[in-house]
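Number of protein chains: 2
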Amino acid sequence: MAASSTVFSDSYSATSRLLLPFRIRGFHLRRTLFLSPKSNKRSFVSSSAFASVAMTTETSSKLLDGKLIAKKIRDEIAGEIDGIKESTGIVPGLAVILVGSRKDSQTYVRNKKKACEDVGIASYEANLPEDCSEEEVIKHISKFNSNPLVHGILVQLPLPRHMNEEKILNAVSIEKDVDGFHPLNIGRLAMQGREPLFVPCTPKGCMELLHRYEIEIKGKRAVVIGRSNIVGMPAALLLQRANATVTIVHSYTKNPEEITKQADIVISAAGVANLVRGSWLKPGAVVVDVGINPVDDTGSARGYRLVGDVCFEEACKVASAITPVPGGVGPMTIAMLLSNTLSSAKRLHELK
Amino acid sequence: MAASSTVFSDSYSATSRLLLPFRIRGFHLRRTLFLSPKSNKRSFVSSSAFASVAMTTETSSKLLDGKLIAKKIRDEIAGEIDGIKESTGIVPGLAVILVGSRKDSQTYVRNKKKACEDVGIASYEANLPEDCSEEEVIKHISKFNSNPLVHGILVQLPLPRHMNEEKILNAVSIEKDVDGFHPLNIGRLAMQGREPLFVPCTPKGCMELLHRYEIEIKGKRAVVIGRSNIVGMPAALLLQRANATVTIVHSYTKNPEEITKQADIVISAAGVANLVRGSWLKPGAVVVDVGINPVDDTGSARGYRLVGDVCFEEACKVASAITPVPGGVGPMTIAMLLSNTLSSAKRLHELK
Numbered sequence: 001m002a003a004s005s006t007v008f009s010d011s012y013s014a015t016s017r018l019l020l021p022f023r024i025r026g027f028h029l030r031r032t033l034f035l036s037p038k039s040n041k042r043s044f045v046s047s048s049a050f051a052s053v054a055m056t057t058e059t060s061s062k063l064l065d066g067k068l069i070a071k072k073i074r075d076e077i078a079g080e081i082d083g084i085k086e087s088t089g090i091v092p093g094l095a096v097i098l099v100g101s102r103k104d105s106q107t108y109v110r111n112k113k114k115a116c117e118d119v120g121i122a123s124y125e126a127n128l129p130e131d132c133s134e135e136e137v138i139k140h141i142s143k144f145n146s147n148p149l150v151h152g153i154l155v156q157l158p159l160p161r162h163m164n165e166e167k168i169l170n171a172v173s174i175e176k177d178v179d180g181f182h183p184l185n186i187g188r189l190a191m192q193g194r195e196p197l198f199v200p201c202t203p204k205g206c207m208e209l210l211h212r213y214e215i216e217i218k219g220k221r222a223v224v225i226g227r228s229n230i231v232g233m234p235a236a237l238l239l240q241r242a243n244a245t246v247t248i249v250h251s252y253t254k255n256p257e258e259i260t261k262q263a264d265i266v267i268s269a270a271g272v273a274n275l276v277r278g279s280w281l282k283p284g285a286v287v288v289d290v291g292i293n294p295v296d297d298t299g300s301a302r303g304y305r306l307v308g309d310v311c312f313e314e315a316c317k318v319a320s321a322i323t324p325v326p327g328g329v330g331p332m333t334i335a336m337l338l339s340n341t342l343s344s345a346k347r348l349h350e351l352k
Numbered sequence: 001m002a003a004s005s006t007v008f009s010d011s012y013s014a015t016s017r018l019l020l021p022f023r024i025r026g027f028h029l030r031r032t033l034f035l036s037p038k039s040n041k042r043s044f045v046s047s048s049a050f051a052s053v054a055m056t057t058e059t060s061s062k063l064l065d066g067k068l069i070a071k072k073i074r075d076e077i078a079g080e081i082d083g084i085k086e087s088t089g090i091v092p093g094l095a096v097i098l099v100g101s102r103k104d105s106q107t108y109v110r111n112k113k114k115a116c117e118d119v120g121i122a123s124y125e126a127n128l129p130e131d132c133s134e135e136e137v138i139k140h141i142s143k144f145n146s147n148p149l150v151h152g153i154l155v156q157l158p159l160p161r162h163m164n165e166e167k168i169l170n171a172v173s174i175e176k177d178v179d180g181f182h183p184l185n186i187g188r189l190a191m192q193g194r195e196p197l198f199v200p201c202t203p204k205g206c207m208e209l210l211h212r213y214e215i216e217i218k219g220k221r222a223v224v225i226g227r228s229n230i231v232g233m234p235a236a237l238l239l240q241r242a243n244a245t246v247t248i249v250h251s252y253t254k255n256p257e258e259i260t261k262q263a264d265i266v267i268s269a270a271g272v273a274n275l276v277r278g279s280w281l282k283p284g285a286v287v288v289d290v291g292i293n294p295v296d297d298t299g300s301a302r303g304y305r306l307v308g309d310v311c312f313e314e315a316c317k318v319a320s321a322i323t324p325v326p327g328g329v330g331p332m333t334i335a336m337l338l339s340n341t342l343s344s345a346k347r348l349h350e351l352k
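Taken in order, these protein sequences are the chains called L and B.
Numbering of the first sequence is given in the numbering used here, commencing with residue 1 and proceeding in unit increments.
Numbering of the second sequence is given in the numbering used here, commencing with residue 1 and proceeding in unit increments.
Only chain L is shown next, with the shape it has when bound in the complex:
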């Protein structure tokens, strides 16, 4: 155990290392056991969206269908924005600042813009060259800070190496920090009796998924794997706020398997493919897999495919419920960004 515990990194970043002890292949589209959100009825539905992670009915795990829930949330948001536009003329606006020309960042920004459009949020964008100065980035942030049409500001990470991320993120007005990364927000999240203006999107998405499936958190043992500023740590704070008893497992933890096995709820955000094996889980545990890790796959046209932190094939035989990768936490993150932007617009305009 000591060996594997030093393998995973604390920061939530995709790794390209192939850590798969075996390949999860040969999954075919089958009839899949889903748990209907907000109901305890199990229903058989067929879905092509989960072809790659479809479970056979021989397992007892239910899929926590992030794609489905995120769609529902986006529809709710779109409806609310329609209403606001009609009654007040206000259009929520999200500004995205992209520095440099990383292909992956460009894709993320494009996806966010598309998601905004779909629900009626106006997008604003600043594309700055790789070699621009910190001051220039901060100048654009300041402009968005004072622009009343902009209710949320997002700086796409990672920034070029020569920039001080802390300094730049701190320039975003706390009132428009829809990513929720400002230390003032994190402090309020940690404190009893205080309310953060925004909750970071990925951990908020994990919690929303648990809530929509009516999974009880109060009094449960929870383990969060990974303690990054953007996922692990705030996820632990959120679980704690919901009155779970929380343990964070990280790279210095000596017996991660033993500790994780005590948990009723596991949120894994380690960024290591297939770190969490079936043997790590307590029978009946609920598993939320935040990892999106590329692993080599010569059978794929791209040469790789994406897997979570959790060895799905093993975990789905032990867990009572589990998120797929992809189609689990990923879609929830973008839905929460839209939700934070809408909340911000409502707060800034003092709408209910």
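Take these hints with a grain of salt, some might be off.
As the list claims (entries may be wrong) - Pairwise CB distance ranges (calculated):
| hint | chain 1 | residue 1 | chain 2 | residue 2 | range |
| --- | --- | --- | --- | --- | --- |
| 1 | L | LEU157 | B | VAL91 | 38 to 48 angstroms |
| 2 | L | SER87 | B | LEU149 | 47 to 57 angstroms |
| 3 | B | VAL91 | L | THR88 | 53 to 63 angstroms |
Stated by the list, open to error - Under the rule of at most 25 angstroms between Cα atoms (straight-line distance), these lysine-lysine pairs were calculated in the BS3-like manner:
| hint | chain 1 | residue 1 | chain 2 | residue 2 |
| --- | --- | --- | --- | --- |
| 4 | B | LYS72 | L | LYS261 |
| 5 | L | LYS261 | B | LYS114 |
| 6 | B | LYS317 | B | LYS282 |
| 7 | B | LYS72 | B | LYS114 |
What the hints assert, rightly or not - If you want the footprint, here are the derived chain B segments under chain L, 3+ residues with CB under 8 angstroms:
| hint | stretch |
| --- | --- |
| 8 | 147-155 |
| 9 | 190-201 |
| 10 | 236-248 |
| 11 | 271-283 |
By construction, these hints were calculated from the structure, which means they are not laboratory data.
Just so you know, these numbers come straight off a predicted model, no measurement behind them.
Glycine included, every Cβ here is placed at the ideal spot set by N, Cα and C.
Assemble the complex: chain L is given as a structure, and chain B must be docked to it using the hints.
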């Protein structure tokens, strides 16, 4: 277990309920086994300071002597302040704001002033009547904020009920928040790669005690009992920063005994007399007891005496090291307040 788990409160406050299942009495001054700080040698010293908690040598526990360490730290601080005064003429200053006339608060404020005097910190004080307005308190805070002779500002809690504590504490300049309760400080404490300007005094005192006794934290299992904003939660964040694997046990935790028994390090800040029994501890655990709870004692002139959260008589037979109450964390808290005030003066005057 479920019964006792709902008994203790989350907030760190002394309770007057008598929860003692038996009386810890009949302790006499005996020769006590101390662990010398910053050395692994055990030495026999006799001390009248710990008469009430003296351990017999039949136990294996060492006392973590907060009174001794705090004295050492205060001497170090006094020496440093002397040097600063001589070379720069600067005198560190601490302002205390006391609202109302609670006897206990008056005693605390008097003790803090005395401790300041002893190390050469100038004290400033604002005593406001119980029925003054929030605005009046904030006006005094603002004056201290802009007074260059004041490097630390402390609002004595609790405030009268009609006041909004959050609003008042937020008025203290983040640069003079020597209590470290500002959410921006807590946020930075929670985040990797960020540094708080100040760490709250009591949890900082717990950590300093562990460090001075060279107790290793990295990779250890730690349990914090209680999750108050001023002790439990920041203590957990500090242990996590020191790379322990941390679990917070609180009033919704179903099996506090079982969880606590896994810990190499226990910090208890529940505010419940004798909550933590010997059976809660892993043999060899290190125990830091933050509780200061009055329990009825007809044998005492005051009619009560102070005990910790930990049943000392049982725990000292199981733990490898333990703090006494009183004489453990208490003196460390005041020493850390002085330390924070000195750090603040050095930072504001850009001294090394």
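Run the structure past the numbered hints and jot down the numbers of the failing ones, going up.
Hints 4, 5, 8 and 11 contradicted; others consistent.
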